[in-house]
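**Student:** Now for the letters of each chain:
There are 2 protein chains.
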Amino acid sequence: MFVNVWSLWLVLLSAIVSLVVAFLLKKKVSTADPGNEEMVKVQGYIRDGANAFVRRQYKTLAIFVGGLAIVVGIIYYIYPIETEGTNVKWWVMVLSFIVGSSASAWAGWLGMKVGVDANAKTAQAATKGLTPAFDVSFFGGAVMGLIVTSAALGGVWLLYYIIGEPIVILGFSFGASTIALFAKAGGGIFTKTADVAADLVGKIEYSLPEDDPRNPAAVADNVGDNVGDIAGMGADLFDSYVASIIGAMLLGYSVSYTGLFDLANADILASFPLVISAAGLFASIVGIYVISKMKKTSPGKALNSGTYLAAALFIGIGALFTFLLTTSSGIDTSGSGRFENMSDKLWLNYGAAAFGVIAGIIIGLTTDYYTDDSKHPTQAVAESSQQGHALNILTGFSYGLMSVAPPTLGIVVVMGISYALDGVIGVASASTGMLAIVGTIVANDAYGPIVDNARGIAEQGGLEEDVIALCDKLDSAGNTAKAVTKGFSIGAAALTVLALLYSFMEEAKLLLVDTDFVTGLDVLSVDVMIGLLLGVMIPCIYSAVLIFAVDKNAQVMVKEIRRQFEEHPGILEGTEAADFEKCIDIATVGSLKALVVPSLLSVVAPIVVGVLFGVRALGAFLAGTILIGFIFGLLLSNAGGTWDNAKKYIEDGNLGGKGTLAHAAAVTGDTVGDPFKDTAGPAINTLICVMSLTASMFLRLFVGINSGEGLIQLGTLIA
Amino acid sequence: MFVNVWSLWLVLLSAIVSLVVAFLLKKKVSTADPGNEEMVKVQGYIRDGANAFVRRQYKTLAIFVGGLAIVVGIIYYIYPIETEGTNVKWWVMVLSFIVGSSASAWAGWLGMKVGVDANAKTAQAATKGLTPAFDVSFFGGAVMGLIVTSAALGGVWLLYYIIGEPIVILGFSFGASTIALFAKAGGGIFTKTADVAADLVGKIEYSLPEDDPRNPAAVADNVGDNVGDIAGMGADLFDSYVASIIGAMLLGYSVSYTGLFDLANADILASFPLVISAAGLFASIVGIYVISKMKKTSPGKALNSGTYLAAALFIGIGALFTFLLTTSSGIDTSGSGRFENMSDKLWLNYGAAAFGVIAGIIIGLTTDYYTDDSKHPTQAVAESSQQGHALNILTGFSYGLMSVAPPTLGIVVVMGISYALDGVIGVASASTGMLAIVGTIVANDAYGPIVDNARGIAEQGGLEEDVIALCDKLDSAGNTAKAVTKGFSIGAAALTVLALLYSFMEEAKLLLVDTDFVTGLDVLSVDVMIGLLLGVMIPCIYSAVLIFAVDKNAQVMVKEIRRQFEEHPGILEGTEAADFEKCIDIATVGSLKALVVPSLLSVVAPIVVGVLFGVRALGAFLAGTILIGFIFGLLLSNAGGTWDNAKKYIEDGNLGGKGTLAHAAAVTGDTVGDPFKDTAGPAINTLICVMSLTASMFLRLFVGINSGEGLIQLGTLIA
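Heads up: the protein sequence lines correspond to chains L and P, in order.
Heads up: the first sequence begins at 1 in UniProt numbering, then just goes up one per residue.
Heads up: the second sequence begins at 1 in UniProt numbering, then just goes up one per residue.
Please note that the accuracy of each hint is not assured.
Copies of the same chain look alike in the list, so a pair counts if it fits in one copy or across any two.
Unchecked claim - Straight-line Cα separation of at most 30 Å, DSBU-like style, residue types lysine-lysine; simulated pairs: (1) Lys593 with Lys375; (2) Lys559 with Lys375; (3) Lys559 with Lys648; (4) Lys648 with Lys203; (5) Lys658 with Lys89; (6) Lys658 with Lys203; (7) Lys559 with Lys658; (8) Lys27 with Lys128; (9) Lys89 with Lys293; (10) Lys293 with Lys559.
No lab work stands behind these hints: they were computed from the structure.
Here chain L stands alone, though its shape is the one from the complex (with noise of 0.2 Å):
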């Protein structure tokens, strides 16, 4: 049925090469000095704590995915996927839900094995020096990004090549979602629980300095980095990452209908986002080849110059690619523009997704400015921090409103951009393109917590002052490098859910064909208007949730810290070992108990909305969650990224340092500012991405509730 096999082919090699260098360079971190028996010790601990809590996740994780994979089969074998050309049985369904999520289960436990192993080697080799140090942190990051990318891609070509339906990966993505929502929320929550705990109690009531041994949350904060960081950041990305790409493949595939194009050319188009996906695969690899290569003068700007390099790389091999796949036969160039002509519309999408790539570059280095501790807005925040704690508060928060506006308007040009050159399939593609590079970006991004926790092992496993300065320069490189990748989640973020709607829509307006349904989403309707407003609600109730959790479970580890300190007294004069795995098990048990109704949530929402009021109120629901999320997601990553930073600038000797009012403030800042950047605002992204999913998934459901008007038939109230 493919045209252009050959294509596919490319998309299998990209995934393939890309295993075989993520195992090469876990073979390079394995085998590096693991440090002295102190740091073994350390690291050992946050191993077992990493895999206890992994291990109890997905055993939770197992239950849930296999009560939604029976409720999957239920619904697809009572609403089969029967339109013209397609016949996909529910089973087949079911399959792709649970390879999906055992693909990402799996990418995000060996990701996060080799990012914990290369902890304590990090800071075994920094006692060498920078660059032996930064290799091997780096390339505990990048198998991680490699491991991440190659699973998702493989999987899809997988399910394509065998069954050969766009439709089909929605269950692989699907599955993807459910381990990112599981991995990220559950992960944030572990990670803030004890960065929280252990900053209120070690930090500001006894004055230990950050991660010291006699910290009984130490262990814990560094288990959490692990967890939240490098496993919940790497299922995030998956889960986005498949996402954009389902999301143009049904997009492309949607052309079959108009009849523009035949089915060969249709099938053309959907794979298209497979192919600019291997092309930034590749690119991938040989930016983590030219990183591992450079000199490391500046860490910083190695890894900078490398998502720089992944980028230009891919607009080239893309075009390359673009230009074989458009010379190629059977492709219809027998008109010209997009709707006539397969080679003009593969252009313009190519050119959706370079301008994605360039974009998401710009609003992370605009995005950036509210963050960075040598710009105004930080600086401010610090200042104000000489007044008090509150408006430490008030500064931030109004610097994090702020930070609203590059991304904003930077998405608005995508998409202005992007529409114009081919309608909502260029939005995707754009999507597509910012997310192609996604192996550099996950490989920068795991970098941090890896250098992070090897600072953690060199305080704990008592190496010199310079080594531990050392990991502190490296660390800042990771600051570096996520001013720019960051760009990527937000920007892609935004643009892949957007694409997830649009394809719901073009979905149902296929199903509701023979039926008098109308599918615009207009704001006029009242059915569209409370689906907006029952949207807007839904991410400032999981907000909450999320951050009430770190809050409750932070403040019950504060008091099993203070209790080790009463009970005692030798961990803090350093003659007694404090008890890490009691603080440890707090956090597990508590991030997975709170876990429970921000899953639930996530699916039973978007069901209740689609059930009650049709589809219509449950695509404006997802657009509702979109337009907020994407506000909330910036606003709260970017007032935590301040604050954190702000409270650094004042521990770097500004504004009189520790011990000052405003040092206080500041910390105060920061542990507000934890919770909001690390656990609430990224997991709002994962939360909107599987509802949207689960809208596509349970579609079939809601067009077969009063040919699609749900329930209580909103829509047809008023004629």
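Start from chain L and add chain P according to the hints.
**Tutor:** Leaving out everything else, chain P in the frame of chain L:
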């Protein structure tokens, strides 16, 4: 032209009766005992400070209003109103605009004057007992309530009676909105600048009690209550009240274009919101009378009973008026149902209005759960304060997020039902119904700051402890009353701007009827999505600018207070008078300066969107601001309320009371909450109202550019 002119006379009568009662009550306040010399002196400071602020504010306003009047004149000269049966000269619109702004400015100034007068007199009356003190303060607030309603309703009546075209009232409403923007945002910045600065230095650094006369910011704080919570609040509700009426009138009048009813019946429907409002005004007057005659054992209950009574009376009087109207001659009862029978249509809209007022009460009571200190959320915030500043902030913010749910569900239900009754006209009627008893609402709302100020003057005037305790009791009654009235403001704000959005689009449809422009707001279109994205961005910037203004001005004032304490040690010892005027001046200059950006933003932003992206994008832009404004308004107001009450809960002696870490943390929360709940939160509503009215006022300009597609013509990018 008006078939049922008697109903319009009824409207005039309600405005006159209201004005007469207002002046009777004003006289009662002005003849009350002004208290001892010290009190007269403090009262004089407050009066002079408030007058100075208002005078300067009105001067700035005169320039702004004058400039806008010229723009309005030019636009209506170039694009005159000349549709069928309508011919309005450009200068009529300008006049209407100026009358609207003057009426609002006059009502706000007079109401504030009486409020300021009632301050010291309430304190003095408190020496004689609860009832006399309650009466003075309640009468002071009631004057504001009655003057606002009579000026608003009287002004609308006059314009409608003379010119007979609902569209002219748009100018009146736009004028009122301009004043509200300055009064609400400017007053909000003023009041919180003083409050935050007074708390930061006085309470936290020097442990002075609330309202201590040694605090140089004490008088500025009192002035702030008057200019922000009385004058600002009055202008805000004047604005919402008129906007809800004009939204409903324009939508009602739009039936004349459907051809379903004749012009006379369209007029009846267009004037129905006035009849509904007159019913509400009569109900408010009776409610105020009954409150003033009730036994005052529990002043909080008295205020709430008055609100419930006014609501019940409104439902009764509204039914009577509707009955009279539907049985008078000229009503089209030829067919049946809302499309053929005007009598049925009026009854359905009466139903929506009655439902609106009930929903207002329910929304208020459920939302109140999150800020009431006898309920779980506020107590949980207080408890988390024991773990320090950060957890206080996190817990309060989370409850603020949660508090979004009940009113959202409330609005969804009101919208669903009122839409089912009569479509968008029904929704507009529900908003008119909610705001019909605005006289009572404003009276109860203005009561709060009056007694708050009375407490301050009692403290500064050296009155006995039990008098201050009585003032505290009166103060807490204000909070109880606010619990119910708040629901009306929230619900009415959302529904009113929705009604304005609907009438904007109806008007656009009419003006573009001869083009191939389609006026639905399809979220899936790129111009609509871009409009939505830009719409959700603006309230973020606006909130940030307002919070920054408080933040920055408070820092200036903090420095001034410290300077006074350092250079004049006698102030703290009580031997030297603090320089109050300097602080008042800082707040005045700072808040007016800070208004430049937000006021330009509110008028320029919708014009830019309309000119560049066209009418649909502008409609979506408004929808975006409504959605995010609704959420932010609730989040900021309720988080602020919870923090405020958690602090009071601790100050009442719970959890160790004053002097504990919990108290210090709770003060931080309260200070953060101040600009949230009293500056940014409530001003967002005004912003959205101004933007909606700007869109409607300049609609003819946007329609003139590429047939409403805007300069960029995004909507035509893709067929």
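**Student:** So, for every hint listed, does it hold in this structure?
**Tutor:** Comparing the hints with the structure gives:
In this homomeric assembly, lysine 593 and lysine 375 come within 30 Å of each other (Cα to Cα) only across copies, at 25 Å, whereas the closest approach inside a single copy is 40 Å. Taking the shortest alpha-carbon separations for lysine 559 and lysine 375, only the inter-copy value of 25 Å comes in at or below 30 Å, while the best intra-copy value is 38 Å. In this assembly of identical chains, lysine 559 and lysine 648 lie within 30 Å of each other by CA distance both inside one copy and across copies; the values are 27 Å within and 26 Å between. Taking the shortest Cα distances, lysine 648 and lysine 203 sit within 30 Å of each other both inside one copy (14 Å) and across copies (29 Å).
When the C-alpha separation of lysine 658 and lysine 89 is checked against a cutoff of 30 Å, the pair qualifies neither within a copy, at 64 Å, nor between copies, at 68 Å. When the C-alpha separation of lysine 658 and lysine 203 is checked against a cutoff of 30 Å, the pair qualifies both within a copy, at 11 Å, and between copies, at 25 Å. Taking identical chains as interchangeable, the C-alpha atoms of lysine 559 and lysine 658 lie at most 30 Å apart whether they share a chain (25 Å) or sit on different chains (23 Å). In the homo-oligomer, the alpha carbons of lysine 27 and lysine 128 lie at most 30 Å apart inside one protomer (20 Å), although the nearest pairing across protomers, at 87 Å, exceeds that limit.
Proximity of lysine 89 to lysine 293 under the C-alpha cut-off of 30 Å is found in neither arrangement, the shortest distances being 49 Å within a copy and 75 Å between copies. Within a single copy, lysine 293 and lysine 559 get their C-alpha atoms no closer than 48 Å, and across copies no closer than 54 Å, so neither meets the 30 Å cut-off.
The earlier numbered hints that this structure contradicts are 5, 9 and 10.
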